[in-house]
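Novice: Below, each chain spelled out in residue letters.
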Amino acid sequence: MTDSTAGRAAADGPAPAVIRTRGLTKRFRGGQLAVDGLDLTVPRGSVFGFLGPNGSGKTTTIRMLMGLIAPTSGTATVLEAPMPQSVTAVLPRVGALIEGPALYGFLSGRDNLVRYDSADPAADPRTRDRRVAEALERVGLAAAAGKKARAYSLGMKQRLGLAAALLQPRELLVLDEPTNGLDPQGMREIRALVREVAADGTTVFLSSHLLDEIEQVCTHAAVMSRGRLVVQGTVAELAAGARGRLVVQTPDRELAARVLADHGVTDLRTTGDRLDGEPPSGAADDPDGHLPKLCAALVGAGVRVRSFGTERGTLEDAFVALTGEGFDVAG
Amino acid sequence: MSPGEAAVLPRTAAPGGRPRTALGVLALFRSELSITFRRLRTIALLAILAALPVLIGVVIKVEVGDSGGGGPAFMAQVTENGLFLVFTSFVVTLPVFLPMAVGVVAGDSVAGEAGSGTLRYLLVAPAGRTRLLAAKFTAALSFCAAATLTVALSALATGAALFPVGRVTLLSGDSISFWAALLRTGLIAVLVAASLAGLVAIGLFVSTLTGSGIAAMATTVGLVITVQILDGIPQLHSIGPWLFPHYWLSFADLLRQPAYLHDVLRNLGLQGLYAAVFGTAAWARFTSRDITS
Ligand SMILES: Nc1ncnc2c1ncn2[C@@H]1O[C@H](COP(=O)(O)OP(=O)(O)OP(=O)(O)O)[C@@H](O)[C@H]1O
Ligand SMILES: [Mg+2]
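These protein sequence lines map, in sequence, to chains A and B.
By the count of the numbering used here, the first sequence reaches residue 331 at its end, each step adding exactly one.
By the count of the numbering used here, the second sequence reaches residue 624 at its end, each step adding exactly one.
Treat each hint with caution, since some may be false.
Claimed, not checked - Straight line, CA to CA, 25 Å or less: simulated SDA-like cross-link-like pairs of lysine to any residue:
id	chain 1	residue 1	chain 2	residue 2
1	A	Lys148	B	Gln408
2	A	Lys293	A	Thr250
3	A	Lys148	B	Thr373
4	A	Lys293	A	Ser225
5	A	Lys147	B	Arg597
6	A	Lys148	B	Ser543
7	A	Lys147	B	Ile374
8	A	Lys148	B	Asp584
Hint data in this document are derived by calculation from the structure and do not stem from the laboratory.
Taking the hints into account, I'd like the entire structure generated from these sequences.
Specialist: Laid out in structure tokens, this is it:
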């Protein structure tokens, strides 16, 4: 399914891509190949999850998309303009949080936003104070706006970084691990904010380690591993692609395990009266052919089957299956 | 308050792009100035520069009588006319304190932002690399002016408080009114500030080479000291006139009647040359550099 889903988002629907990369590659001066031939397509209006273990090249990709570093080879197009050549035209329409917030510790939260807003030549100075106040309000920092940023907690800094990305209505919001350092309540708030921004028509490109986060807020996702794109598609497609597990409830665990093993079920695990395992290869493509036979074999062997079925895979299963080693850091 | 429910105002995605306005373009220059002068470090540097003329004035006042002529230039005139404390202060601060302060500010300008990570957010705002560099250069030049002005005003106040002021006898022996002398003093202050322009460009260039503000400041200040030592080595006198501090003390030539302009113009030309060369180098480096911090 890896091949069929990759590039699928590009094909379906007439919506133009907000981000498109072709063969995007970055080799750092030390020789480290951080991003390797990336073909990414982010459809307009999507909430796009960019997944990958530590060091898989997510931040490096985002830096190339934002024109901070030049690709070694390949092309990147953001809002239909080539990067990094079009930074001045494109970036006022993009809000970004890259590898955590960075603030002026000696300035108040409000003055930090004024500083970043002043850096945008397309920002209207006459509406600056109002927009800054609105952005602070939006991330829940209105009460702490006058405090020096060096006295902010990590979560408050993260929120202020988000506020900077929200100083203008944006067409694209790029968020590199936006919930890093936030408490569970803060995470919920940020997710709500992302949904709200997306509902207004902004495309959101969100990198994360947190699979349930991606599953909760994203419509599309791509998975990176060691600088390469493993897969991209809609979240529903990706999760469906994860192989479901066969689950049997029975008091005759040992007998059932033997019968299932004889019929090609692998990775069997028992928890109480529950037995689950990897269905035989081919079962995913033809469940109606395989599964009833398995069930019949169990009943035929005298196993008292209380329930029999498959559990749909989660994105986490898909992720671990695709990146192989799961969450280990690539060298 | 929860942002989740906050401000669910109708918002639409930005249209094709907002136009840049002249005010919007200038905003970064204003912001850069305010950030430079709001930093505690800048204020501390200016405070030190303000304290030096007071110190010099007090020392001269206390030591009056046994000044055998060993002190810096104009020392002897100070006791007769407080205005000369301005020139003495320039002579004392120009070789070390002023360039050190300028080196700190210029050296830290880009590297400090890279180190703290704020540079990447300025660039995605997008500040524009050329515009950001121009704003940094302008702010550092403004700091030169502020630093020079601080020394001048502090020296003027101290000189007026501790010594008599009045008609000024120039180095050429001519006597001019206090107000005419004050005008020349202002001109000299402008010249002193302009003398630091080359150093600003060097500091800015060094600043684009590294991601550490401390390293950039140390390199720039080290460079100022090294170059002045080189300038003092007799065997190297052929390259001396090309070193940026070589004509720094030429401002004294304006205290003659008629003013002797040869070295003053050489100084301005040299500063312009350094500013152009190192400014271009800083631009070439900064606009092509990967921002990985
Ligand atoms: N400036 C740099 N110089 C050399 N190598 C680098 C540099 N920045 C990143 N790398 C390398 O590039 C690879 C990808 O790094 P990147 O920061 O893009 O990963 P990431 O997916 O964002 O990881 P994380 O989830 O930890 O944020 C890593 O192996 C890293 O060591
Ligand atoms: Mg990262």
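Novice: Between Lys293 of chain A and Thr250 of chain A, is the straight-line Cα distance small enough, at 25 Å or below?
Specialist: 17 Å, holds
Novice: Decide if the proposed pair is consistent with the structure: Lys148 of chain A and Ser543 of chain B, CA atoms, cutoff 25 Å inclusive.
Specialist: 23 Å, holds
Novice: Given the proposed pairing of Lys147 of chain A with Ile374 of chain B, does the C-alpha separation stay at or below 25 Å?
Specialist: Roughly 21 Å separates the two Cα atoms, so the pair holds.
Novice: Verify the proposed pairing of Lys148 of chain A with Thr373 of chain B, using a straight-line Cα cut of 25 Å.
Specialist: 18 Å, holds
Novice: For a C-alpha distance cap of 25 Å, please report whether Lys148 of chain A and Asp584 of chain B respect it.
Specialist: The given pair, whose Cα atoms are some 48 Å apart, is violated under the 25 Å limit.
Novice: Check the hint pairing Lys148 of chain A with Gln408 of chain B against an upper bound of 25 Å on the C-alpha distance.
Specialist: Judged against 25 Å, a Cα distance of about 49 Å means the pair is violated.
Novice: Sort out whether Ser225 of chain A lies within 25 Å of Lys293 of chain A, counting only the CA atoms.
Specialist: Violated: Lys293 of chain A and Ser225 of chain A sit about 37 Å apart, past 25 Å.
Novice: Would you mind confirming whether the straight-line C-alpha gap from Lys147 of chain A to Arg597 of chain B stays at or under 25 Å?
Specialist: 50 Å, violated
In this structure, the hints that do not hold are numbers 1, 4, 5, 8, in rising order.
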